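Chemist: Residues per chain, in single letters:
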Amino acid sequence: MIRRPLAAVLLLALLCAGCGVRASRVISGVSGPTVPAIGAAFYLVRDGKLTMVTRSQSSNDIATALTLLASDVSAEEAAQGFTTEVPRSAAPIGFAMGAGGVATVSLAIPPTALSAMATNQIACTARTGVSLTGGGVTTRPVYCPGR
Amino acid sequence: MRKLTELLRTPWGLRNRLLAAFAVLVVVTTGGVAGAMYVQARSVILQKAQDTAVLALVDRVKKLPPIVGLPPSQNQLNAISSALSQGAEHASAVYGSLRSWSSGDVRAASPELRDTVAAGSIAWQRMASSGRAALAIGVPVFVDGSSYPSGIEVYTVHELDAEQDAIGQLSLLAWLTGGAAMVLAVGLALFAARGVLRPVRELGTAAQRLGEGDLATRLEVRGTDELAGVASTFNDTAGALERHVEELRRMESDARRFVADVSHELRTPLAAMTAVADVLEEDAAHLPGDAGRAARLVSQEAHNLTRLVNDLIEVSRFDSGAAALALEEIDLAEAVRATLHARGWDDEVGTDLPGGVTARLDPRRLDVIVANLAGNALKHGEPPVLLTLRAETGEVVIEVGDHGPGLGQEVLPHVFDRFYKADVARARSEGSGLGLAIAWENARLHGGSLVAGNRAEGGALFTLRLPDHREGPS
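From first to last, the protein sequence lines are chains A and B.
If you count by full-length UniProt numbering, then the first sequence holds residues 1 to 147, one letter each, in order.
If you count by full-length UniProt numbering, then the second sequence holds residues 1 to 474, one letter each, in order.
For reference, chain A alone in the conformation it holds in the complex:
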């Protein structure tokens, strides 16, 4: 006698609760769209992570971008905490597109002297697999670490 109306009320409450538009969890889709950038784009380190930086004054090719890695960061970039781990002694840096999607990057110092972060800076800035060579040492192709 008592249980039946209770069940009916519960059912009705359930029906009403299911009505209307309710909040959802976060739904994720594909990765974001790309937009062109003006000038050279290369990767510096901020807070221990690779972060992209562009300089509109420099030309938009990879060789230029690689050269910028071994130069000082600008005052503005430094103010925002950007650094580079590629030493100035690595310059000049050469870039030659090779076969099989692997480019060769020539350094003034042996690639073994570079930190892992510096190697990643070079590989990500080159936007392809690279073999580092310098001081008679040539590495196997390295790639920008995927996210």
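There may be inaccurate statements among the hints.
Computed from the model, here is a short list of chain B residues facing chain A with C-beta under 8 angstroms [stated by the list, open to error]:
no.: 1; residue: Val54
no.: 2; residue: Val61
no.: 3; residue: Val68
no.: 4; residue: Val143
no.: 5; residue: Asp144
no.: 6; residue: Ser150
no.: 7; residue: Glu163
Since the hints were derived computationally from the structure, they do not count as laboratory data.
As the structure is a computational prediction, the values presented were derived from the model and not from experiment.
Glycine included, C-beta positions come from ideal geometry on N, C-alpha and C.
Starting from the known structure of chain A, fit chain B onto it as the hints suggest.
Modeler: Just chain B, lined up with the frame of chain A:
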């Protein structure tokens, strides 16, 4: 109101059970169908709206002018934000802790959404607050050819008012459909219940009338369903019952008539026998030994037989309804005294007879009642026997009590039965066995009552109540 009390009185009667069954059916069916369709339609509408909004934002991001410098300046973020804001659309651009000036959209985004976007995926989340729904969308911006997000994120909040309205209308439609179905179901249930309940109620009424003695009660047989079968069976049963009762009545009246006829037939020869027996008894003293005793015995039994036959004739008159009252204005005390005197009981019966108690009664029948009561008390009770008279409003009361052992509980209900003998061992008594029955019939004929009981201090007590018939000017 009558229906309401009926509903409350039988909460699980047939009507309510039918109503409940139909209602449950409608709730389950309509709820299931409408609910499933509603949920499906809602999800399609929302999905379409969300996909459209996300794709539109991504399209607009793709058409942004090239990024001039990373990390971006405040002006650049403002430029992106305003490039994405056209008409009703609005968007915020974020880079790390730097935000475009119009930053309402990013403030609305949840931390989970921010994290997902920061990891490089387009993400969106539906938000609902105070009855309004909106979609927060976040898009990370990549630079051409780079697998790392540039760090610039774009957020927008897309209102879902139109979709909410459409879904609200769907829901309203679903409720209306359900309500209409419920009304229809209740109507159908009531209709079905009436079709069943009306014949049942008629059957109940007819059975009650039959029980009250109206044996001619019949039901109208409608249709050919089970209820019609019940009605037809009821009619057959009532018919058979009526025939049997008629038969019994006829047999009983035959038996009574037979007794009356026999009594009448016996009266004439008995009169002759009594006369002869009287002559014999007068000469009994002169007859030798056994012949004298036999003559006295014959005379005694002839008188007993005459009394029995007279009583039988009297009872037959009551049974055939031929007994009639001959009312006269009489003084009760005088009438009772005369009765006792005529029987020679003046000394044996103590009396309390106040004068001036008068009533319109049949004197002959009063005599019969009083004589039977007093005679019964003298014969079966112990002396002293006391007879009292008193007047009450509208009736006169005569009580006859004795000081014997009284009447047993098993005797009381049968005291006024014909030929009932309280003491089986004393089966052979001088009484006809009809005296008290005749007294009772006489009391009833007057519209009064005769009740047998016991006095608190022991002894039987018969109480006679007769209306004084004084209503009216006579």
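Chemist: Just pull the numbers of the violated hints for me, sorted ascending.
Modeler: none
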